[in-house]
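Construct the complete structure from the given sequences, taking the supplied hints into account.
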Amino acid sequence: MNPRAKLIFSMSLLLGTAITISSNHWIMAWTGLEINTLAILPLISKSHHPRAIEASTKYFLIQATASTLLLFSSMVNAWFTGQWDITQLTHPLSCMLLTAAISMKLGLVPFHFWFPEVLQGSSLMTSLLLATVMKFPPTILLFLTSPSLNPTLLFMMAIASAALGGWMGLNQTQVRKIMAFSSISHLGWMAIILIYSPKLTLITFYLYSLTTAAIFFTLDATNTLKLSTLMAAWSKIPTLTATLMLGLLSLAGLPPLTGFLPKWLIIQELTKQELTTAATIIALLSLLGLFFYLRLAYCATITLPPNATNHMKQWHINKSVNTFTSTLVMLSIMLLPMSPTILTIP
Numbered sequence: 001m002n003p004r005a006k007l008i009f010s011m012s013l014l015l016g017t018a019i020t021i022s023s024n025h026w027i028m029a030w031t032g033l034e035i036n037t038l039a040i041l042p043l044i045s046k047s048h049h050p051r052a053i054e055a056s057t058k059y060f061l062i063q064a065t066a067s068t069l070l071l072f073s074s075m076v077n078a079w080f081t082g083q084w085d086i087t088q089l090t091h092p093l094s095c096m097l098l099t100a101a102i103s104m105k106l107g108l109v110p111f112h113f114w115f116p117e118v119l120q121g122s123s124l125m126t127s128l129l130l131a132t133v134m135k136f137p138p139t140i141l142l143f144l145t146s147p148s149l150n151p152t153l154l155f156m157m158a159i160a161s162a163a164l165g166g167w168m169g170l171n172q173t174q175v176r177k178i179m180a181f182s183s184i185s186h187l188g189w190m191a192i193i194l195i196y197s198p199k200l201t202l203i204t205f206y207l208y209s210l211t212t213a214a215i216f217f218t219l220d221a222t223n224t225l226k227l228s229t230l231m232a233a234w235s236k237i238p239t240l241t242a243t244l245m246l247g248l249l250s251l252a253g254l255p256p257l258t259g260f261l262p263k264w265l266i267i268q269e270l271t272k273q274e275l276t277t278a279a280t281i282i283a284l285l286s287l288l289g290l291f292f293y294l295r296l297a298y299c300a301t302i303t304l305p306p307n308a309t310n311h312m313k314q315w316h317i318n319k320s321v322n323t324f325t326s327t328l329v330m331l332s333i334m335l336l337p338m339s340p341t342i343l344t345i346p
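For the sequence shown, the positions run 1 to 346 when UniProt numbering is used.
Take these hints with a grain of salt, some might be off.
What the hints assert, rightly or not - Calculated lysine to any residue pairs in the SDA-like style (CA-CA distance at most 25 angstroms, straight line):
1. Lys-46 x Lys-226
2. Lys-199 x Leu-335
3. Lys-177 x Lys-236
4. Lys-46 x Gln-88
Keep in mind the hints are simulated off the structure, nothing from the lab.
Next up, the structure:
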């Protein structure tokens, strides 16, 4: 892709995100989401591969449907209450439609079907954008409207997302699909605590984005797209592959790594709200995710490729590991001691 075109699309992504997260009016928030969608489509389809074209078409159709629902939700609310302010969403039908629209944009169950397919059709860096940056504006909209949303509906969607994200990731061999189901599972954790502690939802999203970015940059450095390629990664960059294992375990939520912090705080908050059953269920469902993270870590660090293979081994990497990637990896592993500081983030 032309570097100037890539710069324009990247700046449009930043502009759309900035408009959405800083707006008070539903029309401005909708405009920002539309700019984001139009900016990411060329980045998804830039390889001109049939799978990439299919992914961009699916993404466009889903996002257009979600944007229509979001606009309709705000119009219904304005019709009954006369309010276009995002924080003044009070009509029950509007709240229901908004939950469906944002869930469709994020990929929450039962609107999750498009997400693994779109990630599989995109490059690693575009997949990173789809899993982190593109989910930031809808998450902020959920954060702003959290007092008005239906707790039962969010609770059911959260449990279903955590269960399906863990269950569907068990049998995958493509790394991007595994990361997609990992994202769906983490969205379940964010949704279940949204009503009771919106700030905790944002902290969970920030730490999830940090760890996911570190993993995607590492996978890009080793040019890894599937488990069989991951098995040969140890011979390319042993140190980075070892830290990749720790990053995956951090995403699984194992102490004393960074990823343990949001899950620990969410379970603690659910217990304070006397939702011990919900905390137990979602903690047990995280074991499903732990299995495929351990599987990835096992393939990356313990499994050695067989000597007689039918394909040429890539013994040398094409890209140097930069300081940015190393910093991300370190942060995704070692932030747990800074818990008191992280909790002061607004």
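> So which hints don't hold here, by number, going up?
Replying inline: 4
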